[in-house]
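Novice: Sequence:
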Amino acid sequence: MSATAGQAQGERGLAERLGLKPGQVVQEIGWDEDVDDELRDSIEDLTGNELLDEESDDVVDVVLLWWRDGDGDLFDALSEAMRALAEGGQIWLLTPKAGREGHVEPSDIGEDAASAGLSQTSSISAAPDWSGTRLVTPKGRR
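Per my numbering: the sequence shown = residues 16 to 157.
Just so you know, the hints here were simulated from the structure itself, not pulled from any lab data. Even glycine gets a Cβ: it sits at the ideal position worked out from N, Cα and C. There's no promise every hint is true.
Here are the in silico distance ranges between beta carbons for each label pair [stated by the list, open to error]:
hint, residue 1, residue 2, range
1, D91, P121, 15 to 21 Å
2, S130, E65, 27 to 33 Å
3, G114, E53, 19 to 25 Å
Could you put together the complete structure from these sequences and hints?
Specialist: Take a look at the structure:
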């Protein structure tokens, strides 16, 4: 899909590309001023729920994890994010695209995700400056 066609879908299309559905509960971890507000708004519009912050103790369907090189230990962050997930839940790891400050190498993501017991299922362009990597618990562990 071209960028123009994607933009024509409107904000709701951003959240739909993440595979989110109305009614899902999404927790956001790693918010900072550099996150993509259009993506955040589209998630709230599509799900009909406000994003929960990282202090929430609720069980969630999806964790939206904004992560930049230098934020700390990705393995630890993924392990912590998994605690809030409902059975069959997913983590969308959002990292700055290549060439942007804070870019995380895909090999680092793959290694830390596997160490945390997660499988990488897809990668997308989630926003103009952010790549998204979908991580799930392998079916045998669900």
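Novice: Are the hints correct? Go through all of them and say.
Specialist: Cross-check of the supplied hints:
1. Separated by about 19 Å at the C-beta atoms, D91 and P121 satisfy the suggested range of 15 to 21 Å.
2. In this structure the hint that S130 and E65 lie 27 to 33 Å apart at CB holds, the actual value being about 32 Å.
3. For G114 and E53, the Cβ-Cβ distance of about 20 Å falls inside the hinted range of 19 to 25 Å, so the restraint holds.
The structure agrees with every numbered hint stated previously.
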